[in-house]
Amino acid sequence: MMELHVRSDKYFSESKVCCVNGNWGVEDIRSHALVHKLPRKEQFLLLMKHPYTVYFKGRLCVSVLKGNVEVLGCSMSARTSAGRVVYSPKGSSMLSIETCFPFPPNDLDYEVMDKNLDVFNLGLSEDIIAKMRHRDCVILLEAPRPSLLEGYMKTLPPFMHLFTFTEMKERNAKEREGSPFYKVEEMLQCVFELPHTARHMKRHRKGPDWDETANSIIKESSCTVVCGGKGVGKSTFVRFLINRSLPLFGQVLCLDFDPGQPEFTIPGCVSAVIVKEPLLGPSFTHLSTPECMVFIGEVNISQCPAQYMESVQYVTSYCHSQPELMRMPWIVNTMGFNKGVGVDITTSVIRLLKPQHVIQIQSVNAEFNFPELLCPSYVCSYQNRFCELPSGPCDSLQYVLHTMKTVAEDRKAMSPWGMGAPQLREAVILSYLSQMVQPPKYILTETVPYMTLFSKVTLCVCHVKLPFYQILSAFNGNLVALCSYSGTMTLLPDDPQLPSVLGQQPVCPCLGFGVVRGIDMQEKRLFLITPIPEVILSSVNCLMLGTVMLPSYVYVHASEHEGEIPYVATGLGHPLSKVAGRFFRPLKPAYGTRKK
Numbered sequence: 001m002m003e004l005h006v007r008s009d010k011y012f013s014e015s016k017v018c019c020v021n022g023n024w025g026v027e028d029i030r031s032h033a034l035v036h037k038l039p040r041k042e043q044f045l046l047l048m049k050h051p052y053t054v055y056f057k058g059r060l061c062v063s064v065l066k067g068n069v070e071v072l073g074c075s076m077s078a079r080t081s082a083g084r085v086v087y088s089p090k091g092s093s094m095l096s097i098e099t100c101f102p103f104p105p106n107d108l109d110y111e112v113m114d115k116n117l118d119v120f121n122l123g124l125s126e127d128i129i130a131k132m133r134h135r136d137c138v139i140l141l142e143a144p145r146p147s148l149l150e151g152y153m154k155t156l157p158p159f160m161h162l163f164t165f166t167e168m169k170e171r172n173a174k175e176r177e178g179s180p181f182y183k184v185e186e187m188l189q190c191v192f193e194l195p196h197t198a199r200h201m202k203r204h205r206k207g208p209d210w211d212e213t214a215n216s217i218i219k220e221s222s223c224t225v226v227c228g229g230k231g232v233g234k235s236t237f238v239r240f241l242i243n244r245s246l247p248l249f250g251q252v253l254c255l256d257f258d259p260g261q262p263e264f265t266i267p268g269c270v271s272a273v274i275v276k277e278p279l280l281g282p283s284f285t286h287l288s289t290p291e292c293m294v295f296i297g298e299v300n301i302s303q304c305p306a307q308y309m310e311s312v313q314y315v316t317s318y319c320h321s322q323p324e325l326m327r328m329p330w331i332v333n334t335m336g337f338n339k340g341v342g343v344d345i346t347t348s349v350i351r352l353l354k355p356q357h358v359i360q361i362q363s364v365n366a367e368f369n370f371p372e373l374l375c376p377s378y379v380c381s382y383q384n385r386f387c388e389l390p391s392g393p394c395d396s397l398q399y400v401l402h403t404m405k406t407v408a409e410d411r412k413a414m415s416p417w418g419m420g421a422p423q424l425r426e427a428v429i430l431s432y433l434s435q436m437v438q439p440p441k442y443i444l445t446e447t448v449p450y451m452t453l454f455s456k457v458t459l460c461v462c463h464v465k466l467p468f469y470q471i472l473s474a475f476n477g478n479l480v481a482l483c484s485y486s487g488t489m490t491l492l493p494d495d496p497q498l499p500s501v502l503g504q505q506p507v508c509p510c511l512g513f514g515v516v517r518g519i520d521m522q523e524k525r526l527f528l529i530t531p532i533p534e535v536i537l538s539s540v541n542c543l544m545l546g547t548v549m550l551p552s553y554v555y556v557h558a559s560e561h562e563g564e565i566p567y568v569a570t571g572l573g574h575p576l577s578k579v580a581g582r583f584f585r586p587l588k589p590a591y592g593t594r595k596k
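Position 569 of the sequence shown, counted from 1, bears residue number 569 in full-length UniProt numbering, the numbering being contiguous throughout.
These are computed hints drawn from the structure, not numbers from a lab.
Heads up, a few of these hints could be off.
Heads up, simulated DSSO-like pairs for lysine-lysine below, C-alpha to C-alpha not over 27 Å straight-line [stated by the list, open to error]:
(1) 41 with 339
(2) 339 with 230
(3) 405 with 230
(4) 202 with 90
(5) 183 with 49
(6) 37 with 183
(7) 37 with 219
(8) 219 with 405
(9) 41 with 90
Whole structure, please, built from the sequences with the hints as guidance.
Next comes the structure, spelled out in structure tokens:
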């Protein structure tokens, strides 16, 4: 074995570059990490000693060959876990691969490692196998197969570089040449950081009380409500808690009551989802089909608090009526609305659910905290001040309140191509639409639509009243919720060939979403594209239009599209030939006022 000592003040005090039988690896003496290139393309071995953590951006398929590691609360073991795809795209904090090897290796660990080597048929030399035996954790890193989501997003300018980091690597090329992951980054299109080099990047860091809180909750099959203001880490902790609960219970029921940033569905909904697989990425990487879903049609619940609470009650009642759901642990994701009517809603949700645990995540910034701790006495005595909301009796509230501090990020930390709430909602919509596109073009307009007669559907415009003659135009080319309505509030038109209309938005099951591809006024037909299977689509009889719209670039951009794009005006100088940009500027104080 030939060794070459390399020194880099930026990254390591001392490193070794090792060449074994034509293969190479770089070992950091201080961090005890070794990266080994395998003969096959886009395959690497990561050998680590416990305790150690590696951060990364990108998409990876992670298979544990020896030992045990944790990603976002999901424990991956060489004995029990197959390879899992982990997503850490732009706009989110770097995920970590953290060793958790509590016991010394025994003969069974080596037998499992040898079996895994046979399964993966890596063709390793005896020297590398010897190194693996002296390491606590051995991980196989691979590039996962491209998904429809990634292929579709690459055709849309705002998201085409969501999982590539070439510009950041080029900007720091000279600095990154000293990293042991330099070659890995080139082939896997990822960026890796070690604990002492990740200071300039936003990274996921587990809170000091996360383990203790999670362990105290998952001892029993209970209902847990997670509360907190915007940006304090509710969604991240919900994923962490779900991932921790899955090995013990096999499946977890997540009540997703945050219509602004839902975890499993298109925005504007509340839902109940059975989670069976770990959540290893942001919400748009793991959309799921809910057991029960209600479309509210609005992400700002202050505009429709009563509609929101009625929808929450509907989902909760459904879950209480299903014996198999009652046997699962419930984890409830709530909104970050922590002032005014937001306190009314959160206290009403707690009263309704009667949980065994409430987790309140506190920020160092008081602006993102509730006015008081949500202890049982406060929730029971709280009086709704802004509106009358339905809520359950609270005389039997005896839950345990867990308070946690949000994990503070370094203000100097940098997240390339940050993704705000509007962009996250768009990414979720695109993820849903990607179920309908096909490679290699990924063109949405090539999806074969379903056709139905106007007389077979009922239309509802949420939270606004439109004249009847404008309703069909409003639906044309828009994203709609596909619902099953069985009420009696339908307004029938004079012409029986036209669709009926709901003057008031009902609370009814939402079975999915689609896009109205076209409206034929002559034949009185409506064309719809949707990923919903035909057997489920047959139960849809109501289309709802809310404030959640398709992103504008879905209309104006189509890869390799021939001819004019539907619904988009063309031609030089035409006022509708371009999409107006949206600029967000802080409001200026009114004349005669001054900042405090």
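Output the numbers, in ascending order, of every earlier hint that fails for this structure. Of the numbered hints given earlier, those the structure breaks are 1 and 7, listed in rising order.
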